[in-house]
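> Each chain, letter by letter, is given below.
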Amino acid sequence: MNERWDVVVIGAGPAGLAAVVAARDRGANACLVEREDRPGGILKQCIHDGFGLLRYQSRLTGPEYAHRELSQVRARQIPILTGVFLLAIRRDDRRFTLTLQCPRRGVFELTASSLVAATGCRERTARQVFIHGDRPAGVYPAGTAQRLLNIEGLLPGRRCVVLGSGDVGLIVARRLTLEGASVEGVYEIKPEPSGLDRNLAQCLDDFHIPLHLCATVSRIHGRGRVSGVTVCRVDNRLRPIADTARLVPCDTLIVSVGLIPENEILRGLGLEFDPRTGGPLVDQTLQTSLPGLFSCGNSLQVHDLVDHVSEGGEIAGAAAADHAAGRLPAIPAMPAVEVRAAGELRQVVPQRLNPALPGRVVLWFRARRTLEAAALTAGWAGKSAPIGEYASLRPPEMQRFTLEYSGEPDHLTLELREVSGDARENGVRAVPA
Amino acid sequence: MVAPDQVTIACADNAVQNGARIFLNTAVIGLDVEGGRITGVRTNRGRLRGRVVINAAGVWADRVAELADDRFYTIHPRKGVMAITDRSTGDLQRRSLGMMWIRRPGRTKGGGVSRTIEGNLLLGPTADEVPDREDHGTSCEELEALLHRHMPLNAQLRPDQIIAYFAGVRAVTFEEDFVVEESRRVANLIHVAGIQSPGLTAAPAIAEDVRDLVVAMLRREVQVRARPEFDPCRKSPPSLSGLTLEERHRLILRNPAYGRIVCRCEEVSEGEVVAAIGSPLPATTVSAVKHRTRTGMGRCQGGFCTPSVLKLIAREMAVPATRVTWQGGDSLMLAGETGE
Numbered sequence: 001m002n003e004r005w006d007v008v009v010i011g012a013g014p015a016g017l018a019a020v021v022a023a024r025d026r027g028a029n030a031c032l033v034e035r036e037d038r039p040g041g042i043l044k045q046c047i048h049d050g051f052g053l054l055r056y057q058s059r060l061t062g063p064e065y066a067h068r069e070l071s072q073v074r075a076r077q078i079p080i081l082t083g084v085f086l087l088a089i090r091r092d093d094r095r096f097t098l099t100l101q102c103p104r105r106g107v108f109e110l111t112a113s114s115l116v117a118a119t120g121c122r123e124r125t126a127r128q129v130f131i132h133g134d135r136p137a138g139v140y141p142a143g144t145a146q147r148l149l150n151i152e153g154l155l156p157g158r159r160c161v162v163l164g165s166g167d168v169g170l171i172v173a174r175r176l177t178l179e180g181a182s183v184e185g186v187y188e189i190k191p192e193p194s195g196l197d198r199n200l201a202q203c204l205d206d207f208h209i210p211l212h213l214c215a216t217v218s219r220i221h222g223r224g225r226v227s228g229v230t231v232c233r234v235d236n237r238l239r240p241i242a243d244t245a246r247l248v249p250c251d252t253l254i255v256s257v258g259l260i261p262e263n264e265i266l267r268g269l270g271l272e273f274d275p276r277t278g279g280p281l282v283d284q285t286l287q288t289s290l291p292g293l294f295s296c297g298n299s300l301q302v303h304d305l306v307d308h309v310s311e312g313g314e315i316a317g318a319a320a321a322d323h324a325a326g327r328l329p330a331i332p333a334m335p336a337v338e339v340r341a342a343g344e345l346r347q348v349v350p351q352r353l354n355p356a357l358p359g360r361v362v363l364w365f366r367a368r369r370t371l372e373a374a375a376l377t378a379g380w381a382g383k384s385a386p387i388g389e390y391a392s393l394r395p396p397e398m399q400r401f402t403l404e405y406s407g408e409p410d411h412l413t414l415e416l417r418e419v420s421g422d423a424r425e426n427g428v429r430a431v432p433a
Numbered sequence: 434m435v436a437p438d439q440v441t442i443a444c445a446d447n448a449v450q451n452g453a454r455i456f457l458n459t460a461v462i463g464l465d466v467e468g469g470r471i472t473g474v475r476t477n478r479g480r481l482r483g484r485v486v487i488n489a490a491g492v493w494a495d496r497v498a499e500l501a502d503d504r505f506y507t508i509h510p511r512k513g514v515m516a517i518t519d520r521s522t523g524d525l526q527r528r529s530l531g532m533m534w535i536r537r538p539g540r541t542k543g544g545g546v547s548r549t550i551e552g553n554l555l556l557g558p559t560a561d562e563v564p565d566r567e568d569h570g571t572s573c574e575e576l577e578a579l580l581h582r583h584m585p586l587n588a589q590l591r592p593d594q595i596i597a598y599f600a601g602v603r604a605v606t607f608e609e610d611f612v613v614e615e616s617r618r619v620a621n622l623i624h625v626a627g628i629q630s631p632g633l634t635a636a637p638a639i640a641e642d643v644r645d646l647v648v649a650m651l652r653r654e655v656q657v658r659a660r661p662e663f664d665p666c667r668k669s670p671p672s673l674s675g676l677t678l679e680e681r682h683r684l685i686l687r688n689p690a691y692g693r694i695v696c697r698c699e700e701v702s703e704g705e706v707v708a709a710i711g712s713p714l715p716a717t718t719v720s721a722v723k724h725r726t727r728t729g730m731g732r733c734q735g736g737f738c739t740p741s742v743l744k745l746i747a748r749e750m751a752v753p754a755t756r757v758t759w760q761g762g763d764s765l766m767l768a769g770e771t772g773e
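Chains D and W are the protein sequences, given in the same order. Residue numbers for the first sequence follow the working numbering, so the first one is 1 and each next one is one higher. Residue numbers for the second sequence follow the working numbering, so the first one is 434 and each next one is one higher.
Misleading hints may appear alongside valid ones.
[Unchecked claim] A few chain W residues that don't get close to chain D, going by computed Cβ distances all over 10 Å:
| # | residue |
| --- | --- |
| 1 | Thr441 |
| 2 | Asp503 |
| 3 | Ser529 |
| 4 | Asp561 |
| 5 | Glu562 |
| 6 | Ala635 |
| 7 | Ile639 |
| 8 | Arg653 |
| 9 | Arg667 |
| 10 | Ser672 |
| 11 | Thr717 |
| 12 | Trp759 |
[Claimed, not checked] What follows is a set of in silico ranges between Cβ atoms, one per label pair, in the way DEER data are often shown:
| # | chain 1 | residue 1 | chain 2 | residue 2 | range |
| --- | --- | --- | --- | --- | --- |
| 13 | W | Thr507 | D | Ile47 | 53 to 61 Å |
| 14 | W | Thr476 | D | Asp243 | 43 to 51 Å |
| 15 | W | Gly762 | D | Arg239 | 49 to 57 Å |
[Unchecked claim] Derived contacts from chain D toward chain W, CB cut-off under 8 Å, selection only:
| # | residue |
| --- | --- |
| 16 | Arg59 |
| 17 | Pro63 |
| 18 | Thr125 |
| 19 | Leu148 |
| 20 | Leu149 |
| 21 | Glu152 |
| 22 | Glu179 |
| 23 | Gly270 |
| 24 | Arg417 |
| 25 | Ser420 |
Quick caveat, the hints were computed from the structure, so don't treat them as lab data. Every residue, glycine too, gets a C-beta built ideally from N, C-alpha and C.
Only chain D is shown next, with the shape it has when bound in the complex (with noise of 0.2 Å):
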C-alpha cells in the first residue's frame, strides 16, 4: 500500500467523509483512518430521524445519513483504513507522519503532506459536573446508552432519570421509553433546556416525560445497582437547595452534561486552541495555526447539526488537498487577522481570516443567551454592515452565514445585538436555519 499521501484524514465520521470527498475531488490523493471497524462516526447509533434536511431536503436517519456519505467515498474508490488506531502524529521537514496500529499490520507509518483531524468529541462525564454519592453500576452517558440500545441490542435499566437537557439525552429518554423503560425525568440546573425545540417537543412532550429546570441530582444512591437519586432546586448560583432536596427511586442514571471536541492527539504539536469551543483555532479554510493542519466537525466545535459538520468538512478536505498541492496561499507574514466575537456572541468560527484568500467566507456562531429578537453586524476598520436579523436566538442552535471577504488585513468584530421590540415591529425577518 502507498504510505505517501496528499492528504489523510483522521475520523471516518460525517466530517471526514465529507472531507475526503473533497480532497479527492480536487485532485488529491485521498485516504481515511478510522480506529473503529465500520466508518460512520457516532451515526451508527443514531437511528432516529431529522439528519440532512440542509444537505438532502430529507428527513434521514443517522445510518442513512451515514450511507449517502458513504456512497460518495466508495464512488471514488478512496481507501477507507479502519480498525486503524492512530498512536502519534510528528511534523518534520513539512510533511506529518502518523503512527497507527492495526491487527493485521502491527504498527506501521503514513506520510502526508495535509492532515484532516476529523476526531469527533466525548461526552462530559458526571464527575466533571461534580456528582457525588455512591458509586454503582447503572449510571450511563447518554452517548454509551444510546450505543447499547441501537447497537448492541441491550437494555442499560428500566427505571431511568436524565441529568442534563442535552440533544442526546433527549433522544435516549424517548428510545428508553419506546424500550419500555420509564424515565422518571429530565432534571437540567440551568433556567433553559439546552436541547433543540424540536427535541424537546418530539422526545419529552410526546412521551409525557417531565422536564425540570433550576433542577439537578445531587447524589446517587446505591451500593450494587443504582437504587435512587437525590434531587434538588437550585439556586441562582447554581448551587443546591438544601430543603428541595427529595429522593427519586430508579436503577439508572443517564447523564448528558455537553460534549468535549477530541484533540488530545493533536496537544503535543504546538497549534492554537479555542477555549471556547475547545477546538483548535482556524481560519476561513479550516486550517488551523500549523499550516497543512486542518480541523473540523465535532472536533473543531460541537454541533447540533450534521448538515453543518459536512459543510465544514468539505471546506476542510478542498483545502487540505490545495495545500497539498501547494495552491493554498499562506498567511502572510503580518499579525493575524481575527474575528472577534462581540456584544452577545459566544463564540464564532473561524476565529482568523487569511488576507490572502479574498472570496465567500462561512462562518457559525452561538449566542450567549437565548435572545428574542437579535441582529448581527460585521465592522471592519470602524465601519459596520448589517449581516442579519434573527426573529430568536438560542445558544443550543447554531446559526450560520456567509460574508464575502475581500482581503482586508483589519480585525473583523462580529457584533450581536439584542434588538428591542420596536425594531421588530419595523420588519424584522427570520433568517432560514
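Using the hints provided, position chain W relative to the given structure of chain D.
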C-alpha cells in the same frame, strides 16, 4: 512508586499460581468455636475448614474477632477522599508534594499531590472519621475540603482537570497501631488488623511476620516444610503502554487481539482485556478488568469502552451480557435486552 492495586493483584495472582484458592463474593457470617479452636468458618456460600484462620478483614476485623469471642480491639472507619487529574497534567510536576499545613498529627501524614506511575496527579487523601465502614461515596463538602487543602500545592492545577474522585476507608484502631499477633483465647486464630497508613509500605514485612506465626502455629500439629516448587515470581501479562513500538509491532503480529484498541483514552487493547479475564485470579467484572488493565480509567471514564468490555467479558466467560456485573453481587450492568 508503585500502583497499589497492581501490587495487590500481582500478589493475588501469585498466590493462586502457587495453589491458593480465593473465594470472592464470600462473606463470613459466623465462626464455629469449639474447645478454644475455630473448627469452621461459616459463609454465605457454605462452611470452610482450616487449621489456621487469619483475620485480615480490614474495616470488619473487630467484628470477625467478635465472632470468635476474641474482640480485644475496635476498628473505627476513617475515610479518605482522593481526586485524580487528566494524564495531560502529568508534566506539571515530577515529584510528590506534601506540605506541613495539611498534616494532621495523629490522624494522617496529610497526603499531598503525587504523580502516579501512569502520569496522572493524585490529590489527597483526606482523613475524616465516619460512621459507615463501607462509605465509599463522596460529597460536595468532602471534595471541596480536599481541593481547598491540596490544590494550592501546585499552582497550575485547576478543578476542571479532575477526571475522577473516590473514597476509601481506613481500618483504624483507637491505639492507632497495627494488630499483628496470635489470638490469646483462640488457639488457631491470627489477627492482622488496624492496618492503616503506612499499610502498603508495611505489608510485605507484615506478611513475613504472619507467615512465621502461621508456621509456628502449624508446627504444633503437623510437619511444615518449604515447597520446592514454590515460585515467588509472577510474570505480568503484556501491557501495550510498557512496550516500545517495535515490541508492540511484534506482539500484534503474534496475537492480533493486541492490535485492537478497546479503551482509547488509556490505549488498552482487546488482548490485554482477554488476558485479564483469563488471569490466575480471573477478572470477571467490569471493575476488575478496569483495575487490571485501566480500561475506563481515562478522561472519558469508560464512556466509549464500557460496552466493548462488557461484551468481551460475556464472550470470554460464555455468559449473556445481561449477567455481567460492575463489581459482583447485585451490581448488574444491564436490565435486559431490547425488544423484550
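> Would you mind marking each hint as holding or not holding in the structure?
Here is how each hint holds up against the structure:
no., hint, in the structure
1, Thr441, "holds, 19 Å"
2, Asp503, "holds, 29 Å"
3, Ser529, "holds, 23 Å"
4, Asp561, "holds, 15 Å"
5, Glu562, "holds, 19 Å"
6, Ala635, "holds, 28 Å"
7, Ile639, "holds, 29 Å"
8, Arg653, "holds, 41 Å"
9, Arg667, "holds, 27 Å"
10, Ser672, "holds, 14 Å"
11, Thr717, "holds, 14 Å"
12, Trp759, "violated, 3 Å"
13, W/Thr507 - D/Ile47: 53 to 61 Å, "holds, 57 Å"
14, W/Thr476 - D/Asp243: 43 to 51 Å, "holds, 44 Å"
15, W/Gly762 - D/Arg239: 49 to 57 Å, "violated, 35 Å"
16, Arg59, "violated, 23 Å"
17, Pro63, "violated, 16 Å"
18, Thr125, "holds, 4 Å"
19, Leu148, "holds, 6 Å"
20, Leu149, "holds, 6 Å"
21, Glu152, "holds, 6 Å"
22, Glu179, "holds, 5 Å"
23, Gly270, "violated, 14 Å"
24, Arg417, "violated, 31 Å"
25, Ser420, "violated, 37 Å"
In this structure, the earlier hints numbered 12, 15, 16, 17, 23, 24, 25 are contradicted, and the remaining ones agree with it.
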